[in-house]
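Enquirer: Here the protein sequences line up with chains A and D, keeping their order.
Heads up: the first sequence begins at 1 in the numbering used here, then just goes up one per residue.
Heads up: the second sequence begins at 1 in the numbering used here, then just goes up one per residue.
Hints are computed from structural coordinates only; laboratory data are not their basis.
Warning: the hint list may mix true and false statements.
[Said to hold, decoys possible] Think about it this way: if two alpha-carbon atoms lie no more than 25 Å apart in a straight line, the pair counts; the simulated DMTMM-like pairs of lysine to aspartate or glutamate are: (1) A:K233 with D:D221; (2) D:K233 with A:E26; (3) D:K82 with A:E63; (4) D:K233 with A:D96; (5) D:K233 with A:E125.
Note that the structure is a prediction, hence the values are computed from the model and not measured.
Number of protein chains: 2
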Amino acid sequence: MEIQIGVAKINKYASPESGDTLEVIERPHGGLSVVLADGQRSGKNAKRISTMVVRKVISLLAEGVRDGAAARAASDYLFTHKNGQVQSTLNIISIDLDSRTLVITRNNPEPVVISSHGSVSVLDEESQSVGIYRDTRPVINQFDLEENLFVVIYSDGLSFAGERIGTPIDIAASLSRQIDEALSPQQIADALMAQALELEQDRPGDDISVVVLGVLPYMEDQVRRMWVRLPLK
Amino acid sequence: MEIQIGVAKINKYASPESGDTLEVIERPHGGLSVVLADGQRSGKNAKRISTMVVRKVISLLAEGVRDGAAARAASDYLFTHKNGQVQSTLNIISIDLDSRTLVITRNNPEPVVISSHGSVSVLDEESQSVGIYRDTRPVINQFDLEENLFVVIYSDGLSFAGERIGTPIDIAASLSRQIDEALSPQQIADALMAQALELEQDRPGDDISVVVLGVLPYMEDQVRRMWVRLPLK
Numbered sequence: 001m002e003i004q005i006g007v008a009k010i011n012k013y014a015s016p017e018s019g020d021t022l023e024v025i026e027r028p029h030g031g032l033s034v035v036l037a038d039g040q041r042s043g044k045n046a047k048r049i050s051t052m053v054v055r056k057v058i059s060l061l062a063e064g065v066r067d068g069a070a071a072r073a074a075s076d077y078l079f080t081h082k083n084g085q086v087q088s089t090l091n092i093i094s095i096d097l098d099s100r101t102l103v104i105t106r107n108n109p110e111p112v113v114i115s116s117h118g119s120v121s122v123l124d125e126e127s128q129s130v131g132i133y134r135d136t137r138p139v140i141n142q143f144d145l146e147e148n149l150f151v152v153i154y155s156d157g158l159s160f161a162g163e164r165i166g167t168p169i170d171i172a173a174s175l176s177r178q179i180d181e182a183l184s185p186q187q188i189a190d191a192l193m194a195q196a197l198e199l200e201q202d203r204p205g206d207d208i209s210v211v212v213l214g215v216l217p218y219m220e221d222q223v224r225r226m227w228v229r230l231p232l233k
Numbered sequence: 001m002e003i004q005i006g007v008a009k010i011n012k013y014a015s016p017e018s019g020d021t022l023e024v025i026e027r028p029h030g031g032l033s034v035v036l037a038d039g040q041r042s043g044k045n046a047k048r049i050s051t052m053v054v055r056k057v058i059s060l061l062a063e064g065v066r067d068g069a070a071a072r073a074a075s076d077y078l079f080t081h082k083n084g085q086v087q088s089t090l091n092i093i094s095i096d097l098d099s100r101t102l103v104i105t106r107n108n109p110e111p112v113v114i115s116s117h118g119s120v121s122v123l124d125e126e127s128q129s130v131g132i133y134r135d136t137r138p139v140i141n142q143f144d145l146e147e148n149l150f151v152v153i154y155s156d157g158l159s160f161a162g163e164r165i166g167t168p169i170d171i172a173a174s175l176s177r178q179i180d181e182a183l184s185p186q187q188i189a190d191a192l193m194a195q196a197l198e199l200e201q202d203r204p205g206d207d208i209s210v211v212v213l214g215v216l217p218y219m220e221d222q223v224r225r226m227w228v229r230l231p232l233k
């Protein structure tokens with residue numbers, strides 16, 4: 001099998017900086033982690049907060065700290081540095097090759113949408129952002145690495161898209177349709193982003209980040225690949 | 001304009017772990033850095049060394065340290081931790097949005113190949129790997145961000161490909177041809193990798209990593225994208 005991750009990310013309309021931070025890093029024993037944080041407020045301040053959270057998490061993951069412990073540490077760290085005045089969401093998805101599992105770690109009121117064996121479900125157990133309480137714990141879900149498993153994590157800009165005009169995006173329904181159409185993770189991320197931008201008439205009211213991870217049948221070769229696109233003004 | 005980065009990476013034949021480590025991170029004021037290290041020897045030990053170097057560099061870049069200073073720090077750090085007994089190559093390419101330049105930082109005997117305004121050249125000033133001497137300095141080249149600028153960095157597995165059978169790969173000539181054919185950075189990275197694997201008869205004698213960065217005309221939209229593929233056994 002193989003893992004593919006597709007990411008699409010855009011700033012709030014007319015905002016020079018996104019409050020969302022996303023990094024992908026290699027784990028110590030192979031495998032990958034994707035870390036996404038959405039800092040409170042928008043622009044420069046939000047960016048500083050989400051960067052602080054993501055940096056803390058990736059430096060701990062790189063040292064072999066488990067995802068749940070890294071999330072708790074990031075929460076305590078933000079709580080201590082900002083006196084509990086500032087919050088950030090935090091999502092981690094990891095391909096852990098030691099346990100051959102997919103680990104989803106969530107400190108985010110927004111749910112995570114998954115599709116397993118062709119059936120879509122929403123992981124929406126109550127979950128608290130990091131930074132405002134002592135002892136904040138993440139919600140953790142773990143799945144065996146099996147083909148045709150898809151996970152979608154996103155910042156709240158995606159679920160808010162279309163809310164102003166009373167037609168919010170139905171992420172689970174979209175994912176189900178996109179998987180039926182055999183779209184790749186990158187195509188799914190792009191399709192969700194396109195849907196959001198259409199609803200927002202190309203002027204998103206918040207930063208939007210969408211990450212789609214898919215466990216797919218093995219294709220062609222043993223080459224790892226990564227592609228990045230950064231539009232400049 | 002827009003930046004695209006394409007990466008292709010494979011392990012030495014029959015080796016479960018690559019000694020090359022590559023990470024892409026966001027810079028504090030926007031922009032991106034790609035950091036590639038190739039640790040001495042191969043397998044687990046090499047991986048540990050290259051990871052140590054890349055982690056040190058990205059944590060410093062994230063704090064706003066300039067690329068040259070981060071490279072010098074990584075060298076001193078490795079020198080101190082391993083008593084000057086272990087070396088690693090180090091390449092950093094950064095899109096620096098403060099200065100609107102492309103910065104190439106090199107501690108690697110392997111050259112960097114660039115193409116600017118349709119003409120390919122090789123940056124091959126003498127350069128020392130990090131970790132074995134005090135006061136090792138990187139070679140730094142800086143270019144204005146202009147369309148149709150391409151940079152190729154790679155680990156020595158690429159230039160060694162085909163050497164055993166007396167037909168080493170000519171990276172500059174390949175790049176020139178691939179740009180004439182209007183290939184994207186990912187397609188160029190894939191084409192160089194395919195050429196190397198053909199010369200090595202699909203059994204690469206060393207870890208191979210190829211990174212191609214291109215500054216291209218702006219296409220379609222303001223969406224940042226990232227795609228990752230990780231083949232599993």
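Enquirer: Of all the hints numbered above, which does this structure not satisfy? Sort the numbers upward.
Expert: 5
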